[in-house]
Structure formats: C-alpha cells, structure tokens
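All chains, please: the whole structure from these sequences, using the hints.
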Amino acid sequence: MAATRKCSSTVTAGRLSKAIEFFDAAEHLEDDMPNAAGDLFVDAGIAASDVICCVRLGVHSSSGTHSEAITLLKTADKGSEKHLSILLGLKNKVAYTDQELSTAECKKMNRAASHLVEGAKRAMASAGQ
Amino acid sequence: MQLNRPFATVTPTLDGDVLGVLATSEVTFTITQIQRILTTASGEGIRKVLTRLTAQGVVLHDQVGRTNTYRLNTEHLAAEPIMALSRLTATFLGRLEAHLEGWGEALKYAAVFGSAATGKMTLGSDIDLFLVRASDPEHDGLPGDPEVWEQQVTELARSVTAWTGNDGRVVEYTEDELRAAAVAGEPLLSDVARQGLTVAGTRAWLNRQLRPIGKAAAARKA
Chain X
10 MAATRKCSST
20 VTAGRLSKAI
30 EFFDAAEHLE
40 DDMPNAAGDL
50 FVDAGIAASD
60 VICCVRLGVH
70 SSSGTHSEAI
80 TLLKTADKGS
90 EKHLSILLGL
100 KNKVAYTDQE
110 LSTAECKKMN
120 RAASHLVEGA
130 KRAMASAGQ
Chain U
16 MQLNRPFATV
26 TPTLDGDVLG
36 VLATSEVTFT
46 ITQIQRILTT
56 ASGEGIRKVL
66 TRLTAQGVVL
76 HDQVGRTNTY
86 RLNTEHLAAE
96 PIMALSRLTA
106 TFLGRLEAHL
116 EGWGEALKYA
126 AVFGSAATGK
136 MTLGSDIDLF
146 LVRASDPEHD
156 GLPGDPEVWE
166 QQVTELARSV
176 TAWTGNDGRV
186 VEYTEDELRA
196 AAVAGEPLLS
206 DVARQGLTVA
216 GTRAWLNRQL
226 RPIGKAAAAR
236 KA
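Chains as they are written, first to last, in the numbering used here: chain X, 10 to 138; chain U, 16 to 237.
It is possible that some hints are incorrect.
[What the hints assert, rightly or not] Dumping the calculated DSS-like pairs for lysine-lysine here, alpha-carbon to alpha-carbon at most 27 Å: (1) X:Lys87 - X:Lys100; (2) X:Lys27 - U:Lys63; (3) U:Lys135 - X:Lys27; (4) X:Lys15 - U:Lys135; (5) X:Lys83 - U:Lys135; (6) U:Lys135 - X:Lys87.
[Stated by the list, open to error] Which residues of chain U face chain X? A partial, calculated answer using Cβ under 8 Å: (7) Leu18; (8) Asn19; (9) Arg51; (10) His76; (11) Val79; (12) Asn83; (13) Ala105; (14) Leu108; (15) Ala131; (16) Ala132; (17) Thr213.
[Unchecked claim] Quick look at which bits of chain U chain X covers, simulated, 3 or more residues with Cβ under 8 Å: (18) 37 to 50; (19) 216 to 226.
By construction, these hints were calculated from the structure, which means they are not laboratory data.
Note that CB positions come from ideal geometry on N, CA and C, so glycine has one too.
This is the structure in structure tokens:
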C-alpha cells in the first residue's frame, strides 16, 4: 500500500497554486537557466499530481518512492502517470548530477509538466473542493 | 448547470455526487474515502446512497474484514451513461476547443475562467470566456473581419448557453489591448493566466504577453 496523506480543500487549493507558480517560474527561466527550470518543472508536476489525486481519491502520495507516486496517479487519472514518469525520470539528472539538461529534455519536461498542470486545473473545475 | 456537479443535471440528490466519485476512477472506495472527497456529505447519507445503488446493481459492494468497499459496476447497462455524465466538464471543454478551431488565425488565445474554471460554480453562475483576437493587419481579411468576428462571438455565447443553460459571458481583447492591459496591471489577466482553462492557443503564449505584469509588480514592491 502506497504511503498517502489525506487532503483537505486547503491542501488541494494550495498544491494547485504552487503547481502553477512553479510552472510559470520554470517557463520564465527555461531559455536562460534550463537546469533550474527543469527542477521547477518537476516540482510543478508533483504538485499537480497531488491535486489530481486529492480531487479523485481524497489523498495524495507522501511516498519518497517514485513508482508509488506514479501508481497512485495512474489510479486517479489513467494516462497522466506517463507525464509524471517523464519528469521523475529526469529529476536525478537535473537536480543531483553535474550533467547539463539538454534543450530537448527541457522542452520534454515543459510538455509533461504542462499536461499535469492543465489536468489538475481541469480536475478542480470538474469536481470543485 | 454546475460543471463541478455534473450529476446535478439529472438528480439533485447525494446519489449523483456519490456516482460522480465512483465513476471517475477504477478503484474501490470506503465510505470514509468518499466522504473525504465530497467533504459536506454525512457518512450515514453516503451509506444509504451506496445501499440503494448496490440494490440497483450499479455499484458493487465488497467486504474486506470489517471494511466495506464500493466501486462502480462498469459492466452495468447504466455504467456508460454514468461515466459520460461524470465527464461533462471534459466534454464541454472539448466541444469549446472544437468550436474555436474553426476561427482560424484571427483567434490567438481563449480560456474559460472564473467560477467555471475553479470548481466554484453555482446554478446561476455565468460561464466566463476570455478571448484574444489577432491584431496583425494581415488578418484583416476573413475570418478576421470585424463583422465575422462579432458574429462568431455572439454565436459562441449562444452555444455556451445552449450547451449548459448558463449565460456565456465573453471578455475579449485584441493583442494590442492585451499588452496595454498587461502593462497597466489589469488584475483580470492574472486571474486568467493562473486559473484559466486554455481552450485555444497556448498558455505559454499568454504568459509571454503578460510578463510586464510581473515586472510592474516587482517595480511597485521596490
């Protein structure tokens, strides 16, 4: 059983607000600071995934294990998990190694995070909190 | 209608809200889990609804130890229309996207904003639509013609009302007006950028037009 944390409407709204803020900041930095942008795309994707899980399941992942977070998101919204998987797959490279994120990788992360943030906003619109 | 309560279009009762939870994911739920999602419903009310729906065969009940679990019976004859109802918001946004595709390059960006985008609609809420029209002179011909544009906007508002029963309220800018409003720090633009559900164009494009808002805010703080 994946480690989860219960959501309240405050948690859900707060995570959505952060997802949007991280994403906007990442897009702003993308051209000049791709590594920082990549890290923020990951943060945006994780926060957006939490929102989708909160709206659909009433809980979000609190596990440090990537696979558990991906599985929980798949349960909440089948298809979204591939976007989170892309982001988490590049998380180590962007945050913990000396390797530079390529332009193509940064754009890939942008697309993945964008899908998740839009998905989170649409989940909120369809269910409210 | 309320996009955040799609089942209220056919039933105002808790039955619809519970079905809405069960229909959006293929997992089993306990009464407590459903209550956590619906927030305002009582556990006893949810239990009664689930008992009724189980009797109709549309919900499957299982008992694991002392825990009762419930899930939508996806093989039930009624499952397909139930799932279609649960997807009304996605259907609405998809229909808007398809409708706006026909507007061509005259339309730079469109989004649903306000209560319809934030899940806070009431029955009497308007559905707010934000449109940005190309200012480029090369789009002066059809379909960028002002009269055609005006007819399209009128038809859009009419369609939204026909699809939902709510008034469609359109806020429109040209690209030039958008940039000027961004420089002036128009708060509506920040709302659209943060909460809006994009149905034409890209949010990245909108954010690029709005960058002056961030700079203006930073300058004010300094």
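Against the structure, the hints:
no., hint, result
1, X:Lys87 - X:Lys100, "holds, 22 Å"
2, X:Lys27 - U:Lys63, "violated, 38 Å"
3, U:Lys135 - X:Lys27, "holds, 19 Å"
4, X:Lys15 - U:Lys135, "holds, 21 Å"
5, X:Lys83 - U:Lys135, "holds, 26 Å"
6, U:Lys135 - X:Lys87, "holds, 25 Å"
7, Leu18, "holds, 6 Å"
8, Asn19, "holds, 3 Å"
9, Arg51, "holds, 4 Å"
10, His76, "violated, 19 Å"
11, Val79, "violated, 12 Å"
12, Asn83, "violated, 16 Å"
13, Ala105, "holds, 7 Å"
14, Leu108, "holds, 7 Å"
15, Ala131, "holds, 7 Å"
16, Ala132, "holds, 5 Å"
17, Thr213, "holds, 7 Å"
18, 37 to 50, "holds (count 6)"
19, 216 to 226, "holds (count 4)"
Hint violations for this structure: numbers 2, 10, 11 and 12, all remaining hints satisfied.
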